[in-house]
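Asker: Top line first, the protein sequences correspond to chains A and B.
Counting with the working numbering, you get residues 3 to 233 for the letters of the first sequence.
Counting with the working numbering, you get residues 24 to 435 for the letters of the second sequence.
The set of hints was computed from the structure by calculation and includes no laboratory data.
These numbers come from a predicted model, not from an experiment.
For glycine and all other residues, C-beta sits at the position ideal for the given N, C-alpha and C.
Mixed in with the good hints there might be a few duds.
What the hints assert, rightly or not - Each pair of labels, with its calculated beta carbon distance range:
id : chain 1 : residue 1 : chain 2 : residue 2 : range
1  : A       : 128       : B       : 426       : 24 to 34 Å
2  : B       : 405       : A       : 87        : 35 to 45 Å
3  : B       : 433       : A       : 87        : 18 to 28 Å
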Amino acid sequence: MSAMTGPTPGEVVIRLSDVSKSFPPNVLAVRGVDLEIRRGDFLSIMGPSGSGKSTLLNLLGLLDVPTIGRYELAGVDTAGLADKARTSLRGRELGFVFQAFHLLARRTVLENVLLGMSYSGVPRGERRDRAVTALNRMGLAHRVGAYPPTLSGGERQRVALARAVAGTPTVLLADEPTGNLDKATSQGVLELLGELNADGLTVVVVTHDHTVARAAGRRHTMDDGRLREAA
Amino acid sequence: MTNPFTRRTDAFGVRDVVVEAILGLAGRPGRLALTALVVVLGIGSLVATVGFAQTGARQVQARFDAVTARHGLVKPAADQAQLGAAPPAALPWDAAERATRLNGVTCAGTITKLDPPPGQVTASPVHDPAAAPTRQPQIMTATPGLLDAVRGHLHEGVWIDNFHEQRAERVAVLGVRAARLLGVLRVDNQPAIFIGATSFTVIGVVDQVEYAADLLDAVIVPQSTARATLGLTNPGELHVGVELGAGPILSGQIGLQLSSDNPSGYQVVMPPPMSSTRQQLTADVNSLFLILGFVALAIGGVTIAVVSSMAVMERRGEIGLRRAIGATRGAVAAQFVAESAILGLLGGLVGTAAGTLVVTVWSLARGWTPVLDVRLAVAAAVTGVVVGVVSGLIPASRAASLEPATALQEGT
Ligand SMILES: Nc1ncnc2c1ncn2[C@@H]1O[C@H](COP(=O)(O)OP(=O)(O)OP(=O)(O)O)[C@@H](O)[C@H]1O
Ligand SMILES: [Mg+2]
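With the rest of the complex left out, here is chain B:
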């Protein structure tokens, strides 16, 4: 039966439950702080863990993107005597220009190792066949776009340019180890080296490459020069700079671009699709620490449950009084659930803030960009509430099941 004179708005409602819960918590600030602190630790470590993982993955990803995900390599297919396999196709002389015309290619260059070497490499024209054979640098050819395609770095001087390539100039760039071997210490005085009897002017020294590490041991001459004077028959391999995410499309297109007769005569290695590598990385880093975070959170939940159960025992008198003045069992239960939900929410919010702060400080200390999903913050706060509600269910049902007469008599 309900009171016919009670209007709905005057009945004890959700707002009253929340107000009573807040007042109930605020009356014991010390306990509130301690209990919330445990939830803060749980939520905070979860947020920090995910934040670390996301920031770290982003960092790895950035490096991964910068290197692996932006480089492709094309060479004639290996000559397998396999049934059904396409016969190998030679790279055309203008392979680099053809590749550069494709969307998604940022730079391209061919490289060829001259094997066997067409002659001995010396730093002086005086050739003494009787002298003990010295350690010899390799001889390689390259086109202007190669340095960018292998992400190379010049120690000094210049790289082979279009002018050198078109005019088949007799110039050479030395790999840093080849330069040491030949005793070339500087290039500003235009030193000469000799391949057999042919002289080449040294114009630069390369000291770093991300790919084709052989270059550092080599004397590198323009491809056209080698074709004209050193008997080069065709380019060896094509290095390609690839835009992020363009790898999969390019692997389908580049063969046709290089040879309309035999587009599948090449072995093509292109960066994998972005999304799969990114997800893979994130998932790998998270799982273990996430479990630890959930353990911390579970401890937080148990703490709420224990502390709230103690509170119910302490507040028997209050519970009895509330029943006497008209609170139903449901209203009493709702108040205790609301109290622990608010505890959980507070713990969730403060924990999210604390976790975010830790991730931010940690990232900035490493000069990294902190990465934190906004959805993570919302999820953390919601998780706090859920933990609070679940932990509050047992104490709340205890409070509700107290007999009012007993509660009033035993409580103060």
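In isolation and in its complexed conformation, chain A is listed as follows:
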């Protein structure tokens, strides 16, 4: 992690204050959530289907806006940010991993990882090295020229992980990253998350998998829109 530009270790990078999100007509997906995440934290969020986990993660990811409440990311109050500023902040501070991978099928593994840096202002000259480094780290050095449809599920998720971290975000947001993977493969991905966290990356993972949840330093459960931290 780039210690020069990011917050110092232990500093609060995410602060939610009494955040709620409702969808029309009257779904209260997230209710009054207060949450502080510090640099280097590893958070897991578990909970029944429909309890609001993805909604909360979208709020953290600046992909959606709270109906009420205050959200500060990397010291910036995100309320009232215009699209351009939100997007810039998102591209710089956040990395995403999804259950559905969201890799472009007609781009090679390397191109998919490069794409992850193309909007975020990483210097052009550094992108290839960073992509290759990230892919090496994910154990995919031999698949850089492959196309996603030829990869296994675990490999695809590791490509997505490489894409998410190649641009050195402050926080990695993962929504059920092992949801489409078998147990052994999940274990591999989980180990990678652990390694990244050990290197200083802040990780928030939404999961149904107890093994994944237990790996996190801070475990949370979500129920009917309310977030509770396990002791």
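Using the hints provided, position chain B with the ligands relative to the given structure of chain A.
Answerer: Same frame as chain A, now just chain B with the ligands:
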């Protein structure tokens, strides 16, 4: 807010938009080809239509130039008892020489119909006044330059030359129908015909003229000969060969050249200015087919819009991902506009090539010269891009307005 560590050159720029658009299109080559094909049809039919029109107009123009635009006619003004109208002026005997001295005149000759005829025309000197009257050819006079001025063609023999004219030789050229009437089948044996009792040696037969079609029915003798022996009082009309575009100037000059006393005593018909006839022709041929071409192009535009809208729906996941990794709404919109602009450009280029090919093959099959304005090719390609951009605006704004969270969830 912008990232203070982002240099301008590292930001997502126009080049990135174009590259992403090309990759996006290249990923679906079949769809690319089909969509572009519709634009190809539109642009191609436009280019072909304009090409046909230009080639056709050029062809008509060439014929028009060759005939109408190169002939002038001067005769004494009609004797109207009109107040203020100039009195008619007779053509001088040397009208043809005078006209030829003017710039822009390529050839000139006078022609006069002898009416009433000075005598009966027969193929033999034996004159039988009691015989039933036969159908008679006309009798006309001409000067050496006339044959060229009326674009005439000799079937055989020779035309009246300067020697005949200066010496008032008793020679005659027959129009092809007059020759048949008189039973003159060949001229190499120097047959004689008679006007009254005077004999004339037949030296040639004229079988085609563009003007003064009466010549084909006539016995034609040199003007000087007719003046000396047949009582011709003055020339009837002057035919002039005119250089392209010289008509308007000549109509102002020729009267003075023929008569300094009464320059406006003539009725002058000269070819109209070139430019106006050319534009007229081109404009007339184009309009209907041009409309059809634009209709085809509009269909091409609608096709791009529909296919791109479908693509936006299919690619929701990709759009959501791009937003998540830092693409602004504007960047997403730009990518989709760029994709349809490139589609339009491809369609425009291929359509221009196809239209040009069709026009070329069509022209060559007729032995015509294909005419295609280079500016037309450029305009066609630009039109393709414009159609692409306009058609891409709606799908692009749809893509941009997708909520990233929803797009990611619904898309794969
Ligand atoms: N865009 C939306 N419009 C309306 N309702 C929504 C929207 N997104 C989520 N919801 C509703 O909000 C509630 C929480 O949904 P969310 O996707 O956050 O649940 P989740 O905990 O992620 O569930 P799962 O474990 O099944 O992924 C659900 O009732 C869902 O129907
Ligand atoms: Mg969910």
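Asker: Output the numbers, in ascending order, of every earlier hint that fails for this structure.
Answerer: Going through the list in order, the structure violates no hint and respects every one.
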